[in-house]
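K.L.:
For reference, the chains in residue letters:
There are 2 protein chains.
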Amino acid sequence: MDASPSIRLGGGGEINSKIELDSPKVATTDKLVSGDKKVYCRCWLSGTFPLCDASHVAHNKETGDNVGPLIVSVPKAEEE
Amino acid sequence: MDASPSIRLGGGGEINSKIELDSPKVATTDKLVSGDKKVYCRCWLSGTFPLCDASHVAHNKETGDNVGPLIVSVPKAEEE
Chain A
1 MDASPSIRLG GGGEINSKIE LDSPKVATTD KLVSGDKKVY CRCWLSGTFP LCDASHVAHN
61 KETGDNVGPL IVSVPKAEEE
Chain B
1 MDASPSIRLG GGGEINSKIE LDSPKVATTD KLVSGDKKVY CRCWLSGTFP LCDASHVAHN
61 KETGDNVGPL IVSVPKAEEE
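Quick note, the sequences are listed as chains A and B, same order. Heads up, the first sequence is in this note's numbering, so the first residue is 1 and it goes up one at a time. Heads up, the second sequence is in this note's numbering, so the first residue is 1 and it goes up one at a time.
It is worth saying that the hints were derived from the structure and are not from the lab. Do not rely on the hints blindly, as some may be mistaken.
The list makes no distinction among identical chains, and a pair is therefore deemed to hold if it is satisfied within one copy or across any two copies.
Stated by the list, open to error - Mimicking EDC-like on lysine to aspartate or glutamate, the simulated pairs with C-alpha atoms at most 16 Å apart in a straight line are:
1. Lys38 - Glu78
2. Lys25 - Glu62
3. Lys31 - Glu78
4. Lys61 - Asp36
5. Lys76 - Asp36
6. Lys31 - Glu20
7. Lys31 - Asp53
All figures in this text were calculated on a predicted structure; none of them were measured in a lab.
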């Protein structure tokens with residue numbers, strides 16, 4: 001596994017070392033409908049990106065970080 | 001400005017150096033309704049976190065990273 005470190009230069013080093021590295025910018029768009037609930041990755045390590053697969057747990061443990069997912073839900077029409 | 005680098009140990013160093021640092025894990029939940037569209041931060045640098053404020057642009061430029069936001073929308077009921 002390539003363990004070459006990239007130094008965080010105070011302002012924040014590279015965050016993404018895995019997802020769509022050949023893309024100039026990884027922006028994701030998603031559409032939800034009423035009754036949907038999705039858990040989105042924000043650690044850029046998920047095997048099911050853009051959705052979360054709990055990879056942040058091992059990452060936080062290894063680095064002392066505290067990142068976690070974004071959970072977005074759309075209540076059913078009668079629940080609104 | 002604290003420029004102390006944290007080394008990425010191959011597996012990925014600390015991603016979050018700014019948001020709710022006293023929290024053990026920053027997980028965000030949000031509810032959307034039909035017609036909503038929100039742009040969420042995934043670079044952990046936004047001044048309007050959990051929403052995006054384009055901080056990823058300067059970050060990507062400075063570090064060569066390619067992170068970008070998550071855009072979630074809920075079509076209006078008749079558009080579904």
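K.L.:
Does each hint fit the structure? Answer for all of them.
P.N.:
Taking the hints in turn, this is what the structure says about them:
| no. | hint | result |
| --- | --- | --- |
| 1 | Lys38 - Glu78 | neither (19 Å within a copy, 22 Å between copies) |
| 2 | Lys25 - Glu62 | between (26 Å within a copy, 14 Å between copies) |
| 3 | Lys31 - Glu78 | between (20 Å within a copy, 14 Å between copies) |
| 4 | Lys61 - Asp36 | neither (30 Å within a copy, 35 Å between copies) |
| 5 | Lys76 - Asp36 | both (8 Å within a copy, 14 Å between copies) |
| 6 | Lys31 - Glu20 | neither (21 Å within a copy, 28 Å between copies) |
| 7 | Lys31 - Asp53 | neither (20 Å within a copy, 21 Å between copies) |
The structure does not agree with the numbered hints 1, 4, 6, 7 stated previously, though it agrees with the rest.
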